[in-house]
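Visitor: Sequence:
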Amino acid sequence: MKSLVTRRACLLALATSLVCAAPCFGQDRSFLWKATGPQGSVYLVGSVHMLTRDYYPLSPALETAYKESDLLVEELDLAKLPNYDASTQEQRFTAEGVIDGKTYAVPKDWGTTGFVYNSKSMPQKPASWKEFWDLAQNEATGRAMVHDYQLTTIGNALKYYGYSFNSNDEKELGEAEKLLIAAKPHLFGINSDYKPSLISGDAWMSVCWTGDATQLQRDMPEMLYVLAKEGGEIWSDFYAIPKGAPNIEAAYALIDFLLTPEINAKEVAAHGYPSTDSRTNKLVPKEMLENPILYPAAEALSPLEFGAAATLVNPLRAEIMARFKSA
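First residue of the sequence shown? That's 735 in this note's numbering, and the numbers climb one at a time after it.
Hints are all accurate, no fakes.
Taking lysine-lysine and the BS3-like style, the derived pairs with C-alpha atoms no more than 27 Å apart in a straight line are:
(1) K929 with K859
(2) K918 with K864
(3) K929 with K854
(4) K905 with K918
(5) K1016 with K1000
(6) K929 with K918
(7) K814 with K1016
(8) K1020 with K1000
(9) K963 with K864
(10) K864 with K905
(11) K1059 with K918
(12) K912 with K859
(13) K929 with K1059
(14) K854 with K918
(15) K905 with K963
(16) K912 with K963
(17) K859 with K918
(18) K854 with K963
(19) K963 with K859
(20) K929 with K864
(21) K963 with K918
(22) K836 with K977
(23) K1059 with K864
(24) K814 with K1000
(25) K1059 with K912
(26) K814 with K836
(27) K864 with K912
(28) K929 with K1020
(29) K1059 with K905
(30) K1000 with K929
(31) K977 with K814
(32) K963 with K929
(33) K854 with K864
Distance ranges between label pairs, derived from CB positions:
(34) H1005 with K963: 19 to 29 Å
(35) T822 with A1061: 45 to 55 Å
(36) K836 with P930: 34 to 44 Å
(37) V832 with K912: 31 to 41 Å
(38) I915 with A984: 45 to 55 Å
(39) K1016 with L812: 20 to 30 Å
(40) I833 with Y1029: 26 to 36 Å
Keep in mind that the hints were calculated from the coordinates and are not lab data.
Built from N, CA and C at the ideal position, the CB exists for glycine as well.
Turn these sequences into a full structure, and let the hints steer you where they fit.
Guide: Structural data, given as C-alpha cells:
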C-alpha cells in the first residue's frame, strides 16, 4: 500500500496500553522502536526532518518493520465519526487522507508557511522571499531566523530563484545551498521555536507558520505576516489511528469529539490555525474569518505548494541542511 503522505500528521496513539518500548535491533543507529503489549506489537517510527547520507539506504530494521506491517494506520470507519462530513470539507485538504477510495485520515486544520517581521524595527515592507533573504544579509543582519526544518528552509531558499518549493534538481539545490551558506553568518538563529526571540525583540524577522503569526500579531500588532509573492508552502494536519491500537473505540470517540464544529471552533480560536470545515467556519468569530493570516485571499494561496514525499526524504536535501547548520 502506498504510504500516507502529509505535510504534518497528527497520529493519535490513543489508549494503546503499551507495556514496554525498546529500540529495535540492539544499538543500531535507528529511529525505529518496537512496543510490545498483551495484544501484540506496534512499531514506532520517529519523526525525522533531516538525515545525512549515511542513513541511506535505510537500515534493515526499518525495512523489515515496513514489510511486517500490513498498514501503518487503520482504515477509518466513517460511520463511527458522525461529526465528520466530507461534503463540508474543503476538498484540497482531504485528498491526502484517501488512498484508493479508502479513508485513512481526516483533516484537523490547515495553514501556510510564510514569514513574519516586526514593522516597528523594520521600515522596509518585504513581500517576497528574495527580499527576505536579501534583508537577512543586510539591513536585518543578526536579526533574522529560519526553521530548523529542511522542507521549509531549503524550499524558501529555492523560491529566491523562482524554483519550485519541492525541487529536487541538483543544480537548483546547489544554488539554494549557496544562498543558505552566504546567509548563515547573518542569521540570528536556525530554530523552529522562533516566537520567544521575536517577542523579546532579539529577532525582527522569521520564517513562520500560520498559527504562530496569528498569536504573535494578536499580542504584538506590529508583527506582520507575509505570504511571499513567489509562493511557498501550504499544508494540512490530519487525525489518524495507528494500526493495531487496542482502544480503537476510544480513538474514534476522541476524534469525533474534536471534529464537532462547536469544539473545533473553540480550538481554532485558541491556536489560530484555520479549520477545513465550513460548518466550523460559520462559528468562528468574524474578526478571525476576516484575518488574512488565517484565511488568505485565493490569489495569495494559488502559488503555494504542498510538501511532497520525495522532497521530505531526499538525502541530498538532508546533506544540504546539515552543511548549512554546521557552516
